[in-house]
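Trainee: Going line by line, the protein sequences match chains A and B. For the first sequence, our numbering gives the first residue as 10, with consecutive numbering after it. For the second sequence, our numbering gives the first residue as 393, with consecutive numbering after it.
There's no promise every hint is true.
Stated by the list, open to error - A few chain A residues facing chain B, derived, Cβ under 10 Å:
| # | residue |
| --- | --- |
| 1 | 93 |
| 2 | 163 |
| 3 | 169 |
| 4 | 259 |
| 5 | 276 |
| 6 | 280 |
What the hints assert, rightly or not - Quick list of in silico lysine-lysine cross-link-like pairs, DSS-like style, CA-CA up to 27 Å:
| # | chain 1 | residue 1 | chain 2 | residue 2 |
| --- | --- | --- | --- | --- |
| 7 | A | 239 | B | 632 |
| 8 | B | 536 | A | 252 |
| 9 | A | 239 | B | 557 |
| 10 | A | 154 | A | 134 |
| 11 | B | 416 | B | 447 |
| 12 | B | 450 | B | 408 |
| 13 | B | 401 | A | 134 |
| 14 | B | 557 | B | 642 |
| 15 | A | 235 | B | 536 |
| 16 | B | 536 | B | 642 |
| 17 | A | 155 | B | 401 |
| 18 | B | 447 | A | 239 |
| 19 | A | 155 | B | 642 |
| 20 | B | 536 | A | 134 |
| 21 | A | 155 | A | 134 |
| 22 | B | 557 | A | 154 |
| 23 | A | 154 | B | 536 |
| 24 | A | 235 | B | 632 |
| 25 | B | 536 | B | 557 |
| 26 | A | 155 | B | 416 |
The hints are simulated quantities; they were obtained by calculation from the structure and are not laboratory data. Just so it is clear, CB atoms sit at the ideal spot from N, CA and C, and this is done for glycine as well.
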Amino acid sequence: MATDTGTDSDTDPDPDERGGVRTRTRAAIDAPHLRTDRWWLAPAATAAGLLAFIVYSTWRAFANADYYAAPYVSPFYSPCLADNCAPMRNGPNADLFGSWWGISPAIIILVFPLGFRLTCYYYRKAYYRGFWASPPACAVAEPHKKYTGETRFPLVFQNLHRYFFYAALLVAGILTYDTVLSFRDEHYNWGHMGLGSLVFLLNITLIWAYTLSCHSCRHIVGGKLKHFSKHPVRYRAWQWVGKLNARHMQLAWASLVSVGLADFYVYLVASGAFDDPRFF
Amino acid sequence: MSGYTAHFKVWRGDVKGGGLEDFKVDVNEGEVVLDIIHRLQATQAPDLAVRWNCKAGKCGSCSAEINGRPRLLCMTRMSVFTPEETITVTPLRAFPVIRDLVTDVGFNYTKAREVPSFVPPADLAPGEYRMMQEDVDRSQEFRKCIECFLCQDTCHVVRDHEENKSAFAGPRFLMRVAELDMHPLDAAEASGLDRKRTAQEEHGLGYCNITKCCSEVCPEGIHITDNALIPLKERAVDRKYDPLVWLGSKIRRRGADS
């Protein structure tokens, strides 16, 4: 016996006006989806995770305090490019912006990793699904009446991902330098190590893994080629990046957590809430 | 697990209307959803329309939606459901329905015809083609496609926006463009056809927002998004959005994509 999920085109409002899966020519089913699993869990968890990081990083980026505790500098404030930066001996300071820059110096540099992650192919999927419900999940109808994807302003700028990748390489290089500097003590003597050094080491490893697993990186190192056989070195590099690329989502999350953790560690030490345990 | 009686809801109707019809039907160990649909035909609904062929996940005929998820009827084991679960089977919801579980997938054949085919190299005769395995690995992954059109069905660009069907080829045929653009002997560029540019300008690559549903539903496990669509997007960026690549291609005689 037929249930009431169907519509009769002779009596009901024109389904074409509702569009999508309710278009008149398609199977007459009113429900926007018939999924019975917990399809909402993944986008909800993704949105919650990203939102938590946005709140935390916004607070820390605008705080302009507790970001340096020798020998550690928060990854949110490195490199520090304004006159109002905390003095860091041999640290990633470069007074490029001078004294006119009045707000937190983190804002200057965070634009680049933020742009890299915003235009990242994984994060695009994550926030298109989690925040924009476009679509919320596979075969679950999206709520938008029109859709132009990445064909128009502003989303056409997603195509600039590779430029943010280049910037992310520079930032990762500077964070590597910071990690090396963390093998000093609070008096800047070399050959020491604390718990913070381990936190920095973990963070920079994940940052590099995420950066190099980027789809644009995969394209640049070899994906753009038509004949791998003519470029054996680039072919090997493409294969290697491809292996990392298969874990891009996991690396995106792991590096997001680790960079927040590294910043929080510096915050705890700089604010005096925690003493950095020294190993040697 | 021995046999049990399952509760099925199967969409019945045609383009004029229809609805979900309830059935109680026997299920035996080792069966797939297509077996149950055939049992319904044999015992309760002899006029139930369903398209099927190989029953081995290779012909791509029995695409449908099971509990709202695009799947092959013949590759969905009944053992993934609990005996208490109601199983809903509907036709593909992105395409016009013909009758019951059968849809008109002509959209896909229209899109297939819009992709220019392989352009043979001018300096090689048939039989003289030689290719290195590493040069064809990428294309061979895409050749696993059985054209079940589940990716086309689940892609929200056309599923949720009928008006985009004219502009968007869908993941299956963008993958075809990628396959040809990566083909070591395709001479399209020499003949004046720039597949990287036409992917964006004629086949609607920009509509794809890489939410990966095509990869999720592919019964062949092809990494459509990561290995075809995103590489094709990067190739389109080379042509249309990256001034450095453009400059490099002007300075160097050899093409950047050799």
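Trainee: The structure should be examined with respect to each hint, and the outcome stated for every one.
Mentor: Now the hints, each set against the structure:
1. Contact between residue 93 of chain A and chain B, as hinted, is not supported at the beta carbon level, the nearest pair being about 34 Å apart and thus beyond 10 Å.
2. Because the beta carbon of residue 163 of chain A sits about 13 Å from the nearest beta carbon in chain B, more than 10 Å, this interface hint is broken.
3. At about 7 Å, the closest approach between the beta carbon of residue 169 of chain A and any beta carbon in chain B falls short of 10 Å, and the interface hint on this residue holds.
4. A distance limit of 10 Å between C-beta atoms decides the matter here; for residue 259 of chain A the minimum to chain B is near 14 Å, and the interface restraint is violated.
5. Taking 10 Å as the C-beta cut-off, the interface hint given for residue 276 of chain A is violated, the closest approach to chain B being about 35 Å.
6. Checking residue 280 of chain A against chain B: minimum C-beta separation of about 40 Å lies over 10 Å; hint violated.
7. Among the hinted pairs, residue 239 of chain A with residue 632 of chain B is consistent with the structure: their alpha-carbon atoms are about 26 Å apart, no more than 27 Å.
8. A distance of roughly 21 Å separates the Cα atoms of residue 536 of chain B and residue 252 of chain A; the hinted pair therefore holds under the 27 Å criterion.
9. About 39 Å separates the Cα atoms of residue 239 of chain A and residue 557 of chain B, which puts this hinted pair outside 27 Å; it is violated.
10. Under the criterion of a C-alpha separation no larger than 27 Å, the hint pairing residue 154 of chain A with residue 134 of chain A is consistent with the structure, at around 20 Å.
11. Restraint check: the Cα-Cα separation between residue 416 of chain B and residue 447 of chain B comes to about 23 Å, which is no more than 27 Å; the hinted pair holds.
12. Annotation: proposed proximity of residue 450 of chain B to residue 408 of chain B is violated, straight-line Cα distance about 32 Å (limit 27 Å).
13. Annotation: proposed proximity of residue 401 of chain B to residue 134 of chain A is violated, straight-line Cα distance about 32 Å (limit 27 Å).
14. As the CA atoms of residue 557 of chain B and residue 642 of chain B are separated by approximately 36 Å, the hinted pair breaks the 27 Å bound.
15. Pair hint residue 235 of chain A plus residue 536 of chain B holds up; C-alpha atoms about 20 Å apart against a cutoff of 27 Å.
16. At most 27 Å may separate the alpha-carbon atoms for a hinted pair to count; residue 536 of chain B and residue 642 of chain B exceed this at roughly 37 Å.
17. Taking the CA atoms of residue 155 of chain A and residue 401 of chain B, the gap is about 32 Å. The hint is violated against a cut of 27 Å.
18. For the hint pairing residue 447 of chain B with residue 239 of chain A, the CA-to-CA distance comes to about 42 Å; that exceeds 27 Å, so the pair is violated.
19. Between residue 155 of chain A and residue 642 of chain B the CA atoms are separated by roughly 39 Å; this puts the pair beyond 27 Å, and the hint is violated.
20. Restraint check for residue 536 of chain B and residue 134 of chain A: the C-alpha separation of about 25 Å stays at or below 27 Å, so the hint holds.
21. Distance hint between residue 155 of chain A and residue 134 of chain A is fulfilled; the C-alpha atoms sit about 18 Å from each other, no more than 27 Å.
22. Of the pairs offered as hints, the one joining residue 557 of chain B and residue 154 of chain A holds, with about 15 Å between alpha carbons and a cut-off of 27 Å not exceeded.
23. Among the hinted pairs, residue 154 of chain A with residue 536 of chain B is inconsistent with the structure: their alpha-carbon atoms are about 35 Å apart, more than 27 Å.
24. Note on residue 235 of chain A and residue 632 of chain B: the hinted pairing holds, with a Cα-Cα distance of about 18 Å set against a maximum of 27 Å.
25. A hinted pair counts as satisfied when its Cα atoms are at most 27 Å apart, and residue 536 of chain B with residue 557 of chain B qualifies at roughly 24 Å.
26. The suggested pairing of residue 155 of chain A with residue 416 of chain B is violated, with an alpha-carbon distance near 40 Å, which exceeds 27 Å.
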